[in-house]
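Work the whole structure out from these sequences, hints included.
Protein sequences appear in the order of chains H and B. Residue 1 is where the first sequence starts when you use the working numbering, and the numbers rise one by one after that. Residue 1001 is where the second sequence starts when you use the working numbering, and the numbers rise one by one after that.
No lab work stands behind these hints: they were computed from the structure. Computed from a predicted model, the values in this text were never measured in an experiment. Each residue gets a CB set at the ideal place from its N, CA and C atoms; glycine is no exception. Worth double-checking, as some hints may not be accurate.
[Claimed, not checked] Partial list, computed: chain H residues near chain B (C-beta under 7 Å):
#: 1; residue: 247
#: 2; residue: 271
#: 3; residue: 456
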Amino acid sequence: MNTDLTTKIPLKEHIKNIKRIMKIITDIDKWYFFFTGIVHIINVVIPYIQLVLSAYILDSIIAKKDFKEVILVIACTLLVILVLSFVASSIWNRMEVRREKAFSLYTCMTQTRMLDMDFSKIDSPEIKELRDRIRQDNNWGAGINSLFWQGNSILFGFFNIIGAVIVGLPVINFMFASGKYYVIIVLVALAVILIIAMKTGIYFKKKTYQFMFGKIKEEDKEDLITFAWDFASGNGYNYKNGKDIRIYGSYGLMERWCTGAFKNKKHRSRLKDSSAGWAGKYGAISLADGAIEGCAYLAVTLAAIAAKAGAGDIIRLAGCFRKMLSSAYMLINDITEFALTARKQASTIELLGMQDEMYKGKLPVEKRSDNEYQIEFKNVTFTYLGSTEPALKDFSMKLKIGEKLAVVGMNGSGKTTMIKLLCRLYDPDEGEILLNGVNICKFRADEYRQLFSVVFQDYILFPFRLAQNVAASIKYDEAHVKKCLENAGFRERLEEPGIGMETYLYKDFDDNGVEISGGEAQKIAIARAVYKDAPFVLLDEPTAALDPLAEYEIYTNFDKIIDTKTAIYISHRLSSCQFCEKIAVFHEGRLVQYGSHDKLLEEQDGKYYEMWNAQAQYYKRAT
Amino acid sequence: MKFVPKHYSIISDIIYFIKYFHKHEPVVLLLCGVEIILGAATPLAGIYLPKAAIDLAVQGASVQKTVMVLVPFTLLIMAVYTLKTAVSSGKYNYYNSQRDQLMGILFLKSLKVPYKYTESGEMKKVYWKAYDAISMGDWSALSRMVTGTTNITINILCFLLYSTVIGTLDTWLLLVLDVLAIASYLLDLCQIRYEESLRDEIAESNKKYYCVLNSMGHTKGAKDIRIFGMNHWLAGLRDMVIEKQRGINQKLYRKRSFFEKAGFLLGTARDMGAYTFLLHQAFKGEIDAGGFVLYFGAITGFSGFITSIMNSLSELRSAANATDYWRAYMELPDEDTSSGKRHTSELAMPLKIEFKNVSFAYQDAGEDIEDNIDGEKKTVFKDLNLEIKAGEKIALVGVNGAGKTTFVKLLCGMYDPDAGEILINGINRNEFPRKEIYGLFSAVFQEQFVVPCTLGENIAMDKMDNIDEERVWEAVSKAGLKELFNNKNITLKTYMGKAIMKDGINLSGGQQQRLLLARALYKDAPVLVLDEPTAALDPVAESEVYNNYNKYSKGKTALFISHRLASTRFSDRIIMIENGKIIEEGSHNELMGLNGKYAEMFHIQSNYYEKGAEG
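Put into structure tokens, the structure is as follows:
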């Protein structure tokens, strides 16, 4: 797969790209191009009618025909044109609505694919790279709209040529029939100019592609890359970071990285070259245009004089000749642009066609009212893609029903990885995870995941209605949502005016949305986990953003929240483990200690003892 | 407080951008000038060529004469067409790339204005509108200003030239055509008005569409989506917004079709009139066949120019509205950071800082989410008095929203008190240049800010040339990162993240926090402020920071803010604030003795550790 748009690919590849994208487009809207085709035919026909009409009038003037008769012909012809225009306008504007919808449907396809793709894939460097490429490929142009526009342009050009040939065929005959060498010279000269224009156009087009899609050379990056767009748009920069820049007097550093590149010689010469590319690319098209227009009149006039043809013939013939050539020329241009557009969509199609790799189990998960589910990790080893060290090594652990387990360990000890494997976001490389003795891969993934309520460390709330966020669906049980929010400690905020079940979170989706603090977001995330009412509750640092009192509130509610469910609780603050019967200590991807708090403290050379003392020393009674 | 930007006229905006290009990219102005001249010539060539050809044919001119007339004509047309397009496309690339620089200028401006503007909800809106004025590609105010100005000039010139052509035939005809053109203008105006009335609705529905899209494609959110089965929810929302878009588009295009048809009717009437009139003239012998072609071309072209002029005008008008926001933001006064009667160099170290009757309220919603959650001018501090003694180590504690972050912002000089004063060694801090006040603080704020440039630049927060490498390494080693960097062969020239260099490094949350600590240590300012510096650290690393805190803050005045009350043990004094008031202060033992709020919070946190210690 060639990922660089600036390189040459064989024709076969182009055809494949076009076929694949056209299949998707016809799946979205089967008849779009059929109907716009009708519009194009009308739009091709109208100018020819006008041309023929002009020629007729000219001839009538010269021949001094009856005034009234000519006016009648003109009136009838204009009426026909008017009716045709009305029909075309009606169809076209209806098709515009469909094109806009097709654009929306197509543009969201990659994101929709993200909804059901293997999580391990989404998180993989491969997909990240592919998504970056999709973004890069759609950086210039109007995405799939380009494809519609160019497709229409090609259809129009195609009909235009047919029309020109039908109406203008006599032109060719006429010119060659004149047999005059100077007419032939004009035609040959025109052909030469067109070839030159075409070649020049291609040369400059390649040059502009180099700037639009080509990658910046490693050694030029320091001089050319800027953070202007990223930082101005809040990507990698938060307006609150302005504090750091002011305190540390870093305006100069920011200037260097945001506008510094523009004064750079490399940047200036790059800009000059790319501008020349743009000028050449489009200038060449106009060169052909001008040559066709001028030579059409020149050749036709010369031939007409030789053949003693009338003024009407010149208008008609020159018009047809011009249309024929310019549509042929434009058609070639359009087709190459179309091929590029199709090629730009190849990355999108690649993503859409990405095959899932995780084993897709078919077994239904038995719904048990007694929640008698038992989980066992058996010699599980797992390494993240692109990493050399396994995150979990030969890891074994049993989770008993109704048990409250605390998981502690240093940063990077594999705690969160264990949670992710348990939820089947990843599959183990070695070993297996069993649910009531059955490998979890064998279950239907969506049913299996229904067993878990999780609050991840980096949980996300979506900018939609509060209640929908809690219920994770469009429909929700209002009383239950309210109860869950209250249990999670959100009651105070809920009593304030201006916030209710229907209120949007944040202002991304709705301008009337409310801002929420980090602590409140965490409470909503907890409420979401409570609402789900799953037999397993997994909490990964759920109180990190909360102050001691709010944290305490959650803890005291915790028994109520998790009730008789099985719970796993990850925290840096060992004090948070107080309501857990058992503590599992992770170190470098292994389970190194397991047992009650008292038992673990007895092992004075153990990891737990070390961590405990690191924190507890500050809390022991003041002396 | 609603901010309404000053309204500038279109002419004033055009001059504004001409001045900008004159300064940054004068070639754009030159290219625009050339394009205007060529643009006006192009259509004329298009109507005179057929006339010339027909005249020659009707006269039965010789081959030689035909060649003599038409070949130069053809060459001229080729040259004019080519040059016009080349100039226009080259110009496009030049001005379009200026948008990158303008982005940088906008961002840098946000660093120059007083910090409070970057937090204010109203000012944020102005910032984002200024951002839109540049960011929206060919729809950006900049692009539309350039193309609109060029096009309107070309079309006015063409209008005048064509008027002359038609005027030579019949001045009455010109009048009739003007009336027809005005009718078609009114039609256009109706359409533009209608589409403008839908614009907000369209923008809103597009915003919603992309918002749902971003939610569906959220990499981090993918976990939550799977666990909670949110795919149905998000897909449902997607279908709803697409249906909404379709409804609006249906309205829009139905109206568009209506206006198109009205335009066709008007055009047909014009053509019919033109044919009749010209035919009549021709039959009377006033004009010949060539003349007929010329004038008919001029008449049909004529109304096109009026339409184009009107379109350009409405483009310019809406671009001017967007430009108002851009100019409003750029014309915000810069913060005065350099004037002051005194210099901080004369201050005795360590510093004594005093808050005297300080009152403070945020001016509008959205300024500080943690401390100003309800928005709307909430008073955070009222008559706050606090003295931090020279070299004292203070711990600031309180629940979320108590006013801790606001206190830090006031302290560091990001905000000024509404009433009362902040004294440094007894001198009102406003007597010092603000830049020097900033220089007094080394701070680690809650929001981790790592710039995707080199490690050295990140620690020194300055350009590579101005870095004292030895001191950078010293700070790195104090912050406990030296071993890691040595092991991984990381130098000061290594890039952070992979945005620029493929061999850049990604640091974990904990490592990043140490990096920020190194930044504060490198600056080595007289006051050290640490706002929740251990949130992302595991217990052992956290304990390390605590153990080193005394070393970091030696000889300095220091402020430590943390949820974890353990951190208060190595501070000289603890300040507990609630709702913007100091409710308790003193040493740990004193506060425990009070048995108040602090003691309650401490018990809650220490409960388990104590039990563990006893058990």
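These are the hints, each one checked on the structure:
no.	hint	in the structure
1	247	holds (5 Å)
2	271	holds (6 Å)
3	456	holds (5 Å)
In summary, the structure agrees with every hint in the numbered list given earlier.
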